[in-house]
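2 protein chains.
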Amino acid sequence: MFSFQELSEKFNQEFEHPHFPETPSTLYEPGNYFLNIGGKRIRPVMCLLGNELFSDIHPDAYQLANAVELFHNFTLVHDDMMDAASLRRGKTTVHIKYGDNTALLVGDVMMIRAYEYIQKIKSNHLSKILQIFNQTAKEVCEGQQLDMDFEKMEKVSLDQYIHMITLKTSVLLAASLEMGAIIGGASENNCKQLYEFGKKIGIAFQVQDDYLDAFGDAAIFGKEPGGDIKQNKKTFLLIHALEVATAQQKKELDELMQKESPDKVEKVLSIFKECKVDEWAESLKVKYMNEAFEHLENIAVMDKRKKPLIELANYLMNRTK
Amino acid sequence: MFSFQELSEKFNQEFEHPHFPETPSTLYEPGNYFLNIGGKRIRPVMCLLGNELFSDIHPDAYQLANAVELFHNFTLVHDDMMDAASLRRGKTTVHIKYGDNTALLVGDVMMIRAYEYIQKIKSNHLSKILQIFNQTAKEVCEGQQLDMDFEKMEKVSLDQYIHMITLKTSVLLAASLEMGAIIGGASENNCKQLYEFGKKIGIAFQVQDDYLDAFGDAAIFGKEPGGDIKQNKKTFLLIHALEVATAQQKKELDELMQKESPDKVEKVLSIFKECKVDEWAESLKVKYMNEAFEHLENIAVMDKRKKPLIELANYLMNRTK
Chain A
1 MFSFQELSEK
11 FNQEFEHPHF
21 PETPSTLYEP
31 GNYFLNIGGK
41 RIRPVMCLLG
51 NELFSDIHPD
61 AYQLANAVEL
71 FHNFTLVHDD
81 MMDAASLRRG
91 KTTVHIKYGD
101 NTALLVGDVM
111 MIRAYEYIQK
121 IKSNHLSKIL
131 QIFNQTAKEV
141 CEGQQLDMDF
151 EKMEKVSLDQ
161 YIHMITLKTS
171 VLLAASLEMG
181 AIIGGASENN
191 CKQLYEFGKK
201 IGIAFQVQDD
211 YLDAFGDAAI
221 FGKEPGGDIK
231 QNKKTFLLIH
241 ALEVATAQQK
251 KELDELMQKE
261 SPDKVEKVLS
271 IFKECKVDEW
281 AESLKVKYMN
291 EAFEHLENIA
301 VMDKRKKPLI
311 ELANYLMNRT
321 K
Chain B
1 MFSFQELSEK
11 FNQEFEHPHF
21 PETPSTLYEP
31 GNYFLNIGGK
41 RIRPVMCLLG
51 NELFSDIHPD
61 AYQLANAVEL
71 FHNFTLVHDD
81 MMDAASLRRG
91 KTTVHIKYGD
101 NTALLVGDVM
111 MIRAYEYIQK
121 IKSNHLSKIL
131 QIFNQTAKEV
141 CEGQQLDMDF
151 EKMEKVSLDQ
161 YIHMITLKTS
171 VLLAASLEMG
181 AIIGGASENN
191 CKQLYEFGKK
201 IGIAFQVQDD
211 YLDAFGDAAI
221 FGKEPGGDIK
231 QNKKTFLLIH
241 ALEVATAQQK
251 KELDELMQKE
261 SPDKVEKVLS
271 IFKECKVDEW
281 AESLKVKYMN
291 EAFEHLENIA
301 VMDKRKKPLI
311 ELANYLMNRT
321 K
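For the record, the sequence lines run as chains A and B.
Heads up, the first sequence is in my numbering, so the first residue is 1 and it goes up one at a time.
Heads up, the second sequence is in my numbering, so the first residue is 1 and it goes up one at a time.
Some hints here could point you the wrong way.
All copies of an identical chain are treated as equivalent in the list; a pair is satisfied when it fits inside any one copy or across any two copies.
Claimed, not checked - Quick list of in silico lysine-lysine cross-link-like pairs, BS3-like style, CA-CA up to 27 Å:
id: 1; residue 1: 155; residue 2: 97
id: 2; residue 1: 267; residue 2: 91
id: 3; residue 1: 267; residue 2: 304
id: 4; residue 1: 97; residue 2: 233
id: 5; residue 1: 287; residue 2: 155
id: 6; residue 1: 97; residue 2: 267
id: 7; residue 1: 192; residue 2: 120
id: 8; residue 1: 259; residue 2: 97
id: 9; residue 1: 122; residue 2: 192
id: 10; residue 1: 155; residue 2: 122
Calculated from the structure, these hints are not laboratory results.
Keep in mind that this is a model prediction, so the values were computed, not measured.
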């Protein structure tokens, strides 16, 4: 068995081979550019972890891992277009560097490339994996649409936000584990428990993400915190703050969101702290983590096989960037 | 056995069922809108024809046909964005009606929906069909990229144009037939011959398309001809005209392409006729049709089974719009 860290290194090495042919270079060079700007490669490693929980890693798990990473990168290229983002991981986004039309096609072809890796899966699980992959891919698109819809809505409830985040972020983490588990020969019930583990971890991950964007240490976080606040993004923090704020605090928040002032981030953070949003976020994260671990406990394999998944969860939750 | 016309009607009836769930309606209503604006549904019918050439139509062929039509519509939604087109089949395009971000996601989710139909194929041919579908999908994207690249190039050769058209248009027609044939239990050699038939038909189809855009009868064509000429689009006609024109004609063409004049279409058409581009296009179409029919002859099934494919070819080639 390999540790989470070892599997990360193995995947990163594997992923270095070129994923596209050389021509037409006007299409594939931008694709390679984006794949090479890096990333944490969490999802593909989760495919390997899902397999390893039940048996030695089968070569199919690497095909699956490549597929999931290509799919994730497709969503990033298209999301960056929708968000009109100019930077991703500190590098110029594809649509800024190569134009909208090429970025559109690069995303499309990345998704097709993902399906090419799926097709390489030799085991008799191809149909089942394709079904989960399709279902997940559709849900990720639905989540992105809901995220855009929420921008135009005045009020978003916590439940609505969790539903959106589940689709946009969690299901791909959950499905990565589950599809890996299928390759590993897991039973249906074990797959289901692992999927739920991944889903809850995903929500906890997003709570952490929203928390870091507001309260992260600039030096460690790698960028000035407060990006979400500046954009009035409906995050776990803002949604909760608006739910618990006094009439006066709510009025102040509304006013702050209606204008661009140099001390906007500072003032919003100060209200967040008055509302104890930071403590609430921490406890919400812990709640989802505990639920995740309950599902992990329900998986019928020896405890020692679960160790790399616990390492993964700790890595995700203790990250500071 | 069914005729081409009967299969068209059968597919159109089948395709009427909703292809998307109801929510989120902000994503799926635009998707349904686009699918409902119609189209000739040639590609899905080719899936059925490919199956029927070898055996009675298997339900899997309908899954495949749905997949191919969804995939084709995905390319149209994204191509319309890239071309900044405001109309498609006389109706407002998705990106104009619902905005770029939604159109981007609608295209994405149509492609995923195509793969959902592929996944439903029960036969043991799933892996092979998925491989052809992926390869074709990638080639269509490559063709679209080359088409955009050509817009920026001063000179495009006939061979380059045929290569681009093969990728952008022909391979999907060819693969639709081939994948249908696989479901019909065709041998490898018969599949290969049928694929080549589809590829040549596809090129002849594009010659016809370019011809109609220049020389079509406005009343029958449904729109004023000359759209390609107005946009200086590198078509079969323009590429050939530039190859055979005298120095004086070439100078005139270059000048006409550099400005917007009210008689541009008329003047370019007059040079096209002087260069006998219309006759050349007709003979080029016949050349590809003959090559296509040679491949059809090489397919080892009884002649009467080939009749619906001949009906298809005649329908495509004798169309006036």
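Against the structure, the hints:
1. In this assembly of identical chains, the alpha carbons of residue 155 and residue 97 lie at most 27 Å apart only when taken from different copies (25 Å versus 35 Å within one copy).
2. In this assembly of identical chains, residue 267 and residue 91 lie within 27 Å of each other by CA distance neither inside one copy nor across copies; the values are 30 Å within and 49 Å between.
3. Within a single copy, residue 267 and residue 304 get their C-alpha atoms no closer than 47 Å, and across copies no closer than 80 Å, so neither meets the 27 Å cut-off.
4. Taking the shortest alpha-carbon separations for residue 97 and residue 233, both the intra-copy value of 26 Å and the inter-copy value of 26 Å come in at or below 27 Å.
5. For a Cα distance limit of 27 Å, the shortest separation of residue 287 from residue 155 inside one copy, 24 Å, qualifies, whereas the shortest one across copies, 64 Å, does not.
6. For the homomeric pair residue 97 and residue 267, neither the shortest alpha-carbon distance inside one copy (35 Å) nor that between copies (39 Å) is at most 27 Å.
7. Taking CA atoms no more than 27 Å apart as the test, residue 192 paired with residue 120 passes in both settings, with 24 Å inside one copy and 22 Å between copies.
8. For the identical chains of this complex, residue 259 and residue 97 are neighbours neither inside a copy (31 Å) nor across copies (30 Å), given an alpha-carbon limit of 27 Å.
9. In the homo-oligomer, the alpha carbons of residue 122 and residue 192 lie at most 27 Å apart both inside one protomer (23 Å) and across protomers (24 Å), since each shortest distance falls under that limit.
10. For the homomeric pair residue 155 and residue 122, neither the shortest alpha-carbon distance inside one copy (48 Å) nor that between copies (45 Å) is at most 27 Å.
Of the hints listed earlier, those the structure fails to meet are numbers 2, 3, 6, 8 and 10, in rising order.
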